[in-house]
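> One-letter residues, chain by chain:
There are 2 protein chains.
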Amino acid sequence: MRKITIGNYLLERLSEIGIKDIFGVPGDFNLGFLDDIIKNEDLNWIGCTNELNASYSVDGYARVNGIGAILTTYGVGELSAVNGIAGSYSEDVPVIHIVGTPKREYFKRHMILHHSLGTSDSFGAYKKIYENITSLTVWLDAKNAINQINNAIKYAVFYKKPVYIMIPQDVASFEIMADSDLLSFASGFDLEEHKEIIEDVKNKINNSNQAVIISGHKVIRYGLKSDLEKFVNRNGINVVTTGFGKGSVDETNELYLGVYSGLKTPDAAIAKIIDTADLVLIIGNKFTDLTSSFFQLNFNKDNVVEISDTHVKYDNKIFTNHSFGFLVKMLANDTNINYKGLSVLENRVAVEFNPTEEKITYNRLQVALNNYFVEKDILVSDVGTCTFLSQYIQLKKDMKFIMQPLWASIGFSFPASIGAQIASNSKVVNILGDGAFNMVFNELITVINKQIPITTILLNNNGYTIEKVIHGDGKPYNELPKVNYSQLIKAFDPEGEKSISLRVTNEIELQEALVISRSSDKFVFIEVCLEQNDIPEALKGFFNK
Amino acid sequence: MRKITIGNYLLERLSEIGIKDIFGVPGDFNLGFLDDIIKNEDLNWIGCTNELNASYSVDGYARVNGIGAILTTYGVGELSAVNGIAGSYSEDVPVIHIVGTPKREYFKRHMILHHSLGTSDSFGAYKKIYENITSLTVWLDAKNAINQINNAIKYAVFYKKPVYIMIPQDVASFEIMADSDLLSFASGFDLEEHKEIIEDVKNKINNSNQAVIISGHKVIRYGLKSDLEKFVNRNGINVVTTGFGKGSVDETNELYLGVYSGLKTPDAAIAKIIDTADLVLIIGNKFTDLTSSFFQLNFNKDNVVEISDTHVKYDNKIFTNHSFGFLVKMLANDTNINYKGLSVLENRVAVEFNPTEEKITYNRLQVALNNYFVEKDILVSDVGTCTFLSQYIQLKKDMKFIMQPLWASIGFSFPASIGAQIASNSKVVNILGDGAFNMVFNELITVINKQIPITTILLNNNGYTIEKVIHGDGKPYNELPKVNYSQLIKAFDPEGEKSISLRVTNEIELQEALVISRSSDKFVFIEVCLEQNDIPEALKGFFNK
Ligand SMILES: Cc1ncc(C[n+]2csc(CCOP(=O)(O)OP(=O)(O)O)c2C)c(N)n1
Ligand SMILES: Cc1ncc(C[n+]2csc(CCOP(=O)(O)OP(=O)(O)O)c2C)c(N)n1
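Keeping their order, the protein sequence lines are chains L and Y.
For the working numbering, count along the first sequence from 1 and bump the result up by 7.
For the working numbering, count along the second sequence from 1 and bump the result up by 7.
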């Protein structure tokens, strides 16, 4: 037993689960706790420009690191982050949101404090708001803090969802006696269920003439990428990912076919293999409108085995007492599975990019990027027209892919790239539209001053292009004014020492910029000028339902 | 009876209550409704850079116009605006938040749509979130839409709080038969209660030797400024405002004493008059920590008569069935009130600003601004160090003052100025710190491209100065990197045709910049360079409790 403040106890737990950086914005109700953070040698404070951007950054961090933490202030701070945390909830990203709140005595004295709704119990309203977008909310209490903190962390880890911890100023500095035990993440599951599932799946695979695996985002969230790969390779079963699951499979694996998007999968051969399969193993995936051509899925539903964290489902059976991770590992290691059906081997011939003086199009940009990436890079894509390019880029070995195909909040990708870079130290390339960038470009301050060496590729077409495709082409509400983005960068780096800013209009310039990005350890900003009406091949007809 | 779509019916009602401009951001679930807006000749669409900024803008608009409307898209859009709408709730600003949602059939089909939390009933979660920060939430329904719309508008008008209206795509375009009747705002109240209150107040005033009025923000919200003035002038009773109520009284009136902030009121003579009064009439005010020196109010609580919208309270009586507006008007028109007590007449001698070559300080800036303003100007202040300057600036006749002393969300003032300018066409001057501006400067795009002729005075001290005053002076988390703000403006106005950007370091430059601002009809940006440790007189010692 040793003496420790509750604030420091929380920080120790964050370190224990692998958090090294805390994102956020100061506010008078969290300043004391911030002192603990900056004194802590295992943790870095990443001050962001505003709370929405901080919540996007920590999401990107958590997608790479497995978990992340953000600190905001009572009311104004936490409520600015609602959209970002909701995105983490929607896409199953565990983020610990810590909110510095006023001393408890102020509430008991019924004081109308700043950042309140004009009542002395506003914290109740904020907590209720967060109940909708987290798996657990707690208001720390001196007596019960150890238990509350440990419980919240487990909720984040087990459910891969955000949690919300309110830490009153006086609780943060309150000293308690605590053990030095480690958190236990023993999980409850029913081994009999596992055996039954494995037996059934084995029989299905062994009797299948053509099986295929559709891999989803939860394979990434639960850290099962290598287990799934073992399963694929040992049995020689073809695998695809959805746009949501992109990055869950090594895309250089010969058994990997590509991204499957339902009826409108750009490579029709992929859709055909899935539609004709007699066994479709869907692992850790959720079909959403934009990753399924609006639920136009033509495979035979009777042939489906769905294995995920919340349930396993096939024939008329549904199981809910399993461990997703354990089950996938058991499948991967089962030597009795003996698939004798068909499989296709992909021999990916990279299309070379031979730049010309032609204007840049989405399709050519895709070719250029396919040639750009190398192992371990991270591609962070926004949602918009670029989605229909980036999800079809071939990932090199150990590359990661970050996008929000479900939550689809534009602007997300730029701050998320900061988080992804800090978590990985990899080359992070961020691709987004001008509408998206305009929402969040304040975060240039952080990128440039903290010298985050990401590359941002801004696809400038002076408008909300994807919206025009959906509705309102030619309407004023989908037009965007011109911004001189090179000047914008200069505002934060007047001497041009900390960043490289390039504006490219033809393929040769594009190629030159990509070469610079590859070798630079600075922030590289590439503005790609596109024609207003150019769109990627994969987007054509996508919204014609 | 005539045929009209529900979307257009809603727009007609917005026009009827005086809304001329709708702020927001497009999204695929609101694009059809947006077509109705841009086709509508009585309404302008003000597309903003992001939803938080849109929610700040509409709040500024509603504070001037009496009411405002904002349109966002399902999930990502609406949840980005939570902090702004919560601010409107906290500070009693009626804002109608309209959210474009997916077609109703999608929910019934249990589809996992983009912008959902990964469930088909996510709209329920968003509605629940908004229940905490609005007076009413409705999900429009073809059958009941007329009733729902009218009801929501009345909630906004009666309670001076935001309301939340979800309009599914198919409901917006659904045709109904509707009357052409106008909304009725008849309000229920108990005339007997009014008579009793008036009688009691009259007796108290007639027997008082020294009465004083403390006027609050609700006098502004309920449009009672001229009624209160009539009451003050007819009876010769002194009046002060709080920081929250600043702008509710003509500050050139001789009976007006100044801003009262409790124990630490900069002008101690004002606090003394209130502390010694034998009758303190508090009208439409709420004491909050930052406007009351943390509730250090030394007037005699037994002498208080509190008159507000939610209650009237004095001696042991509490009334709740009155109409605030009607009651203030009755008091103003009562010729039987006959105050014979003391009153002080203020003869404000304006201190001239004679600029020198000295560096600019907060205190000198205050003198300069006191000389800058003229009738009908609007001053929009952020919260931070500038609060302790701006709330003590003397407002000229018919000037308006906008600030968030209670919600205190930094960055608010810049987008709010856009709204205030659009609502008024007045000279709007916005004053804020660099930390605040960094949160929201994307909205420069809107200011410059829509040519909103506000003047923004950026107080640049490279840090979160007010936080340093509270806690953490010298700590890295309170430092901000340098930004070249003139370059920043250039990014949006490379030719310098649409804006004037000035950086001032001494008093003479400041004065020159203010002269330019006065005569310009462009966006004028004045960066005032301040010493890191300079603070206004009124802030010194304020946080030493
Ligand atoms: C926070 C947020 N607000 C609004 C939307 C609605 N929306 C979806 S796509 C889009 C336009 C994207 O424009 P841009 O980033 O320029 O990409 P483009 O398709 O033009 O390349 C908008 C506004 C959204 N998804 N997220
Ligand atoms: C949205 C939001 N986030 C965080 C805070 C906490 N906060 C209060 S004052 C302040 C610093 C203000 O700095 P600046 O705008 O530069 O003003 P200064 O006092 O330095 O003049 C911060 C971060 C807040 N009030 N609102």
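In short, the hints are calculated from the structure, not lab data.
Just to be clear, a hint being listed does not mean it is correct.
Identical copies go unnamed one by one, so any copy, or any two together, can satisfy a pair.
Each computed SDA-like pair below joins lysine to any residue, with the alpha-carbon atoms no more than 25 Å apart [claimed, not checked]:
1) K529 to N491
2) K135 to L50
3) K10 to G243
4) K482 to D42
5) K404 to L143
6) K457 to D188
7) K320 to F380
8) K383 to S508
9) K404 to N213
10) K475 to N51
11) K505 to R241
12) K46 to F380
13) K482 to E48
14) K383 to S527
> Kindly indicate which numbered hints from before are broken by the structure, ordering the numbers from low to high.
2, 3, 5, 6, 7, 9, 11, 12
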